[in-house]
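Q: So the chains spell out like this:
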Amino acid sequence: MDKTINQKAWFLVLPVFLVVAFSAVLPLMTVVNYSMQDTFGNNQFFWNGVGWFKELLDPSTDLGGRFLASLGRNLFFSMVILAIEVPLGIVVALSMPRQGWTVAACLVILALPLLIPWNVVGTIWQIFGRPDIGLLGYVLNHIGLDYNYVSNDIDAWVTVIVMDIWHWTSLVALLCYAGLKSIPEAYYQAAQIDGASRWAVFKAIQLPKMNRVLLIAVLLRFMDSFMIYTEPFVVTGGGPGNSTTFVSIELVKIALGQFDLGKAAALSLVYNLIILIVCWIFYTVMTNAGVERKVQAESEPAVEPKPSAALKPVPALKPKEGVA
Amino acid sequence: MARIDLVDLAHSYGGNAAPQESFALKPVTMTWRQGGAYALLGPSGCGKTTLLNVISGIITPSRGKILFDGKDITPLSTQKRNIAQVFQFPVIYDTMTVGQNLAFPLKNRGVPKAEIDRRVAEIGRLLDLEPYLNRKATRLTADAKQKISLGRGLVRSDVAAVLFDEPLTVIDPELKWQLRSKLKALHRELDLTMIYVTHDQTEALTFADTVVVMHDGRVVQSGTPAELFDKPAHTFVGYFIGSPGMNILPAEVRGREARIDGHVIALNRSYDHLPAGAKIEIGVRPEFVEAVAPAPGLLSAKIERIDDLGRIRFARTRLGDAKLAARAPAGFTGADGTAGLKFDPSHVHVYADSILVEGAA
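Chains as they are written, first to last, in the UniProt record's numbering: chain D, 1 to 324; chain A, 1 to 361.
Calculated from the structure, these hints are not laboratory results. Worth double-checking, as some hints may not be accurate.
[To be verified] Distance windows between CB atoms, simulated:
hint, chain 1, residue 1, chain 2, residue 2, range
1, D, Val218, A, Thr138, 54 to 64 Å
2, D, Ile116, A, Lys182, 30 to 40 Å
3, A, Glu358, D, Ala200, 45 to 55 Å
4, A, Thr138, D, Ile281, 45 to 55 Å
5, D, Leu273, A, Lys182, 55 to 65 Å
6, D, Ile281, A, Gly110, 51 to 61 Å
7, A, Ile355, D, Ala105, 46 to 56 Å
8, D, Ile275, A, Ser77, 46 to 56 Å
9, D, Leu88, A, Thr138, 51 to 61 Å
10, A, Gln20, D, Leu94, 36 to 46 Å
11, A, Ala142, D, Ile275, 20 to 30 Å
12, D, Leu94, A, Thr74, 25 to 35 Å
On a predicted model such as this, the values are computed, not experimentally measured, just so you know. We put the beta carbon where it would ideally sit given N, CA and C, even for glycine.
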């Protein structure tokens, strides 16, 4: 049982420590450092304590107002796209073919938007929606709808939301499709026998069997949409006014536009913290759901208790099983 | 509740144009009587599940008709056919309680609430599921799940038939026995037509009053367990039913005599009009051949081993290329390695191209 003590082993772990230190710990600590200080250039810094954080969370200040407004817009955006993409993804997955060459065709078509870089998606929609040369914008204006995402808040929002749906519904649909494919054929046959309607099949079989992948889809889509930057930035640049300025866009404006390093550092730390907390909540909910069921199964008795010896058929009377 | 008639029914997964030899279910015409307990017995891949799925409507047959009480229901979908089916692996709607699971087929058909409650309570009682009716149907043991599946099959009182597709495969042997007896009791109590698919002869023979044996897509015999045992209509039935199976020996048959290697075996009936050119064999169950000490006039065989099954012993012998099992009476040891075989003439059957030939008295 004696363990060989060899402190030289630490040298083997050292490279990892170094890599992590330079790639994660040092940059993060730099941000923490900035968030506590103020600077007026010339590489001169002044201690500010938690001042930036106080300001950030106080809606009456300029920084706090901008942060909380963009946070609200971001949450609203995430809610809207989840409310549309999840049901839409389920519907798309349900209407996909289950076999044949059309499966491959559908998968490729669905995967296409996912493979396009964020930047390009933004550019596509930026041009697509322009009233003068964009197909969508031109047609909408031609048929009498006054559509202009550059000047109208609602148009800008609709464009950003539709763009996200176009880009990401495929992901939800593909996840749901994978969940649907894992349902054994017998379930559908049994439902047929039981006379279940299409809706009953969905409610009793498909939705319960998809709940795992749906949780993952919601988590991924929430995180992604909460951190969205490139697409709205390319299309609307956060405008008109500040109407589509999300937290990440606000952050870049403060950090690179105004060069307010302290404010930006405080904002990014809080932003980061929010994402970590939401992640943790999702993770806990997901793992707990599994644990709960396990505990429940262990504490309850099996439905059919093993029969007592007296009830067992007498082996000698039992006909031999199997084929000769 | 209905009589089910199959009229020239056949199915091929490759379509009707495929050669008939490749059909999963070769043309069959037969009647399932109302209230009967049937077993569809055959080895894997013999077409029994195909036949079941055709009756329930999961598969549309490529040829022929199915009649329920004389009404052609072939084009009807499963939902409209009024049939219940229980599958090999339990199907549970796991967001529902056990009671809701049982009520599901009734609810889907718009049965009044009071009637649903009554049926669910009754089936719950019959299957001993009463204490669990209000529990979520997840995380149950395999047999409890399969009981729920069975319950969903039995809960409708108006079904034409309940079909079981090897429903006890996933159940422990001990509980298998219990559930099978339960099914048998339920059949008596509920007076439903039941068709039970299995490849296990014990299951078939203990459950059914009529056993339908299938082989290579064909129904080769349908009869009571005793008929299958005493008078197999096909050499396959003789071999498949019984343990050990029937001995099948190539022989020359003329009149009331069968000849094997020049030895004469007496037959009870006369076979004068055997089809020319057919492969002639005789079949006799091991229970009706006795292995005794070799004697002149008896067919002699080489003993390979003697199996002691407790109540009965069988000598495994070899006759040229053919194998033959024979009952070894008490005291017979076969120490010298050879045995004389005594056949019981009333139980020796003659087969032409594997099909039983009825002799003249």
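Q: Next step is simple, just say for each hint if it's right about the structure.
A: Here is what the structure says about each hint:
Range check, Val218 (chain D) to Thr138 (chain A): about 22 Å between beta-carbon atoms, so the 54 to 64 Å window is missed. Ile116 (chain D) and Lys182 (chain A) have their C-beta atoms about 60 Å apart, which leaves the hinted 30 to 40 Å range violated. Against the hinted window of 45 to 55 Å, the Cβ-Cβ separation of Glu358 (chain A) and Ala200 (chain D) comes to about 54 Å, which satisfies the hint. The hinted window of 45 to 55 Å between Thr138 (chain A) and Ile281 (chain D) is violated, with their beta carbons roughly 24 Å apart.
Look at Leu273 (chain D) against Lys182 (chain A): about 60 Å separates their beta carbons, and that is inside 55 to 65 Å. The given range of 51 to 61 Å is broken by Ile281 (chain D) and Gly110 (chain A), whose C-beta atoms sit roughly 43 Å from each other. The beta-carbon spacing between Ile355 (chain A) and Ala105 (chain D), approximately 52 Å, falls within the hinted interval of 46 to 56 Å. Judged by the Cβ atoms, the range 46 to 56 Å given for Ile275 (chain D) and Ser77 (chain A) holds: they are separated by roughly 50 Å.
Leu88 (chain D) and Thr138 (chain A) have their C-beta atoms about 29 Å apart, which leaves the hinted 51 to 61 Å range violated. The hint said 36 to 46 Å for the Cβ distance between Gln20 (chain A) and Leu94 (chain D), and at roughly 39 Å that hint holds. As the Cβ distance of Ala142 (chain A) to Ile275 (chain D) is approximately 43 Å, the hint placing it in 20 to 30 Å is violated. The hinted window of 25 to 35 Å between Leu94 (chain D) and Thr74 (chain A) holds, with their beta carbons roughly 29 Å apart.
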